[in-house]
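Chain by chain, the residues run as shown.
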Amino acid sequence: MSAIRMNPPEFRVVRDEEKCIKCLVCVRQCGFEAQQYDPEEDRVYSLDENCVACQRCVCLCPTRALRIERNPVPYKLNAHWTPEHIHNINKQAATGGVLLTGMGNDKPYPAYFDRLLLNASQVTNPSIDPLREPMELRTYLGSRPDYLGGEKDRYFGPTPLVPIETPIMFTAISYGAISHQAFEALARAAKAYGTLFNTGEGGLPEDLYEYADHAIVQVASGRFGVHSEYLNAARVIEIKIGQGAKPGIGGHLPGEKITASIAATRMIPEGTDALSPAPHHDIYSIEDLRQLILTLKEATRYTKPVSVKIAAVHNVAAIASGIARAGADIIAIDGFRGGTGAAPLMIRDHVGIPIELAIAAVDQRLREEGIRNRVSLVAAGGFRSSADVVKAIALGADAVYIGTAALVALGCHLCQKCYTGKCSWGIATQDPYKTRRLNPEIGAERLYNLLHGWSHEIKEMLGGMGINSIESLRGNRLHLRGVGLTEAELKLLGVKHAGEGM
Amino acid sequence: MKRLNAQGLSYRELNEKIRALLDSGEKEIVIENVNGQRYIGTGVKAQARLVVHGVPGNNLGALMDGLHIEVYGNAQDGVGNTMNEGTIVVHGHATDITGYSMRGGKIFIRGHVGYRVGIHMKAFREKNPVIVVGGKAGDFFGEYMAGGTLVLLGLDIKPGEQIVGNYIATGMHGGEIFIRGKLDDDILIGKEAKVLEPEEKDYHRLEALIKEFAEYFDLDADKILAVPFIKLIPYNKRPYGNLYAY
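Line by line, the protein sequences are chains R and F. With the working numbering as the guide, the letters of the first sequence map in order to residues 5 to 506. With the working numbering as the guide, the letters of the second sequence map in order to residues 301 to 546.
Heads up, a few of these hints could be off.
[As the list claims (entries may be wrong)] In silico negatives: residues of chain F with every beta carbon more than 12 Å from chain R:
1. 335
2. 355
3. 372
4. 420
5. 456
6. 461
7. 514
8. 542
9. 544
[Stated by the list, open to error] Each pair of labels, with its calculated beta carbon distance range:
10. R:282 to F:483: 26 to 34 Å
11. F:502 to R:282: 41 to 49 Å
12. F:540 to R:264: 17 to 25 Å
None of these hints come from the bench; they were simulated from the model. Cβ atoms here follow ideal geometry from the backbone N, Cα and C, with glycine treated the same way.
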């Protein structure tokens, strides 16, 4: 610790001494050592500077004696030099390091989902009640032939389509970034609901191969845990090029998180940093990407669709066109709100573009080029509700990945400290004392409930529009209207302004 | 032993034929007239011998698990890419990213190799991947190396030629690199690696590898071993541990 602690605490713990029964649950549960007990004085007290507002103690306190408050920082008001900037400079002045953070971009950039509204049927076409009438959410992921009756695929031979029962999948979160318990909860829920989870780039733990049929397995630049059994067990193989939270950079899973089990899954020695280089060094071009796609297809004898995941960046439409032409069956695009277990703060908050614009641009470009049928589009990056999902599909996505929403269902309160490995909720940690807090069965049930709730809401929204199949919504931008958007934004999104008719 | 004529076959047709033979339990396949067909042996898990006459295309033996491939000719990019187990012997040169991310098995190249050879090689449990290169190597030799053994012999180097390019062992955080002879002072070495003199036990391991190498290519192992080696290892296995401000 430096001699002077330059940054005041961000939060403060407020304890109602009348309610507190000194059961010490808060002391045991706090992953950040903000709750303390002094046995000599028999006193429970708090170290506010350690508190990250993860709410674990608040939620577990049996007498509801705790409250976390934002600690008001009485700096002279300054719209430009906000406390965040001042505190970050202090951290860097003390360490010389790169600022690190977790979860998705939290800055107040426009959320286009909140500027788009959905349509509903009135009088001229009947709406549909999903409780009593069939409503189809099943989505098939993969490449469709250019025309029927001819050769199924001119270049690569057919790879089978993969059905999912709802257009929502769990995004790539590696074992290592999250605990085995959290990872297992995602796998179980995906299997139970008939959708897919994504292993991320850290491999698939041996004891979870029973869920492989619902796994999208990733091949990233570090090639961790990639071997032919892993590829052949999976339902879909995903080449990870980029991630919305950190476009253009690689990753470092620090050695202290590489436990025996994680080392076994990543197939590396214990305690070594798991370094993912920024690029795949066998991919410097679209032609090289095609080569890796074909390598993976050859390795699995053309039985698995190959997805390519990229971050939404400025030239995303042209890049997606190249990926489709390189032979990918699925393109996954991760917007700038996408989450992460660790990313440099500057990259997370300042690189990439919103997913809404990226979906619209990519769908439009692929249609114009007549190759939209060759790929399924999966959108990711900050989906908070079923309405966001419906809007993304209307903009042109086939399905979406959810990550942050799934972790919230498992207990995450978005304190953004995943990179410390201290997660009090047992999610982003490998400490057995903490990971035990997350029961994979209960976690899977909560995730299943979330998928169930969102799926039903999607059916309601579809029914309201007079549509009985999610397929009929895809790219159906006539069902969207913008509110308070500029001409340029409306044009990019391909939607009319609210108030304009059909 | 079965023979295949690769002439006029697409990579997919050729690889299907190879796979069909391997599936039927064939233990040795000789493939003639190979001319750039990619992905030979890719993703194959089998104990069998493939003999390749000609020049195989990129990603020869990628993700391979157990094959013994011998190439009479040059090989191209990505030999043994992410390979798990097996042996690849090339009686010629190989180009870039030979052994990218390989986790087990051995690769022996008689001639020179291109850029980024042995990048992100790993070791895992009993697996310790090995690449022995007879000639010289390009830039970024052993980049991001996380485990395994790279040996560079520098045979048949012409006067004025360097045994290796710049940025050798950049980002290295595991494994070991042995180079026969000395490195010129003007060759840039990654800041993550340090140069040492091999110990006696290192020479014992080297001897075994070089004997195997010499046997494949009909060379005199003692003559190769007569020149002292240098050894590169990483300073630590956490090169970027202090990069971040918490």
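Here is how each hint holds up against the structure:
{"no.": "1", "hint": "335", "verdict": "holds (17 Å)"}
{"no.": "2", "hint": "355", "verdict": "holds (16 Å)"}
{"no.": "3", "hint": "372", "verdict": "holds (23 Å)"}
{"no.": "4", "hint": "420", "verdict": "violated (6 Å)"}
{"no.": "5", "hint": "456", "verdict": "holds (27 Å)"}
{"no.": "6", "hint": "461", "verdict": "holds (24 Å)"}
{"no.": "7", "hint": "514", "verdict": "holds (30 Å)"}
{"no.": "8", "hint": "542", "verdict": "violated (7 Å)"}
{"no.": "9", "hint": "544", "verdict": "violated (4 Å)"}
{"no.": "10", "hint": "R:282 to F:483: 26 to 34 Å", "verdict": "holds (27 Å)"}
{"no.": "11", "hint": "F:502 to R:282: 41 to 49 Å", "verdict": "violated (33 Å)"}
{"no.": "12", "hint": "F:540 to R:264: 17 to 25 Å", "verdict": "holds (22 Å)"}
Violated hints, listed in ascending order, are 4, 8, 9, 11; each of the other numbered hints is respected by the structure.
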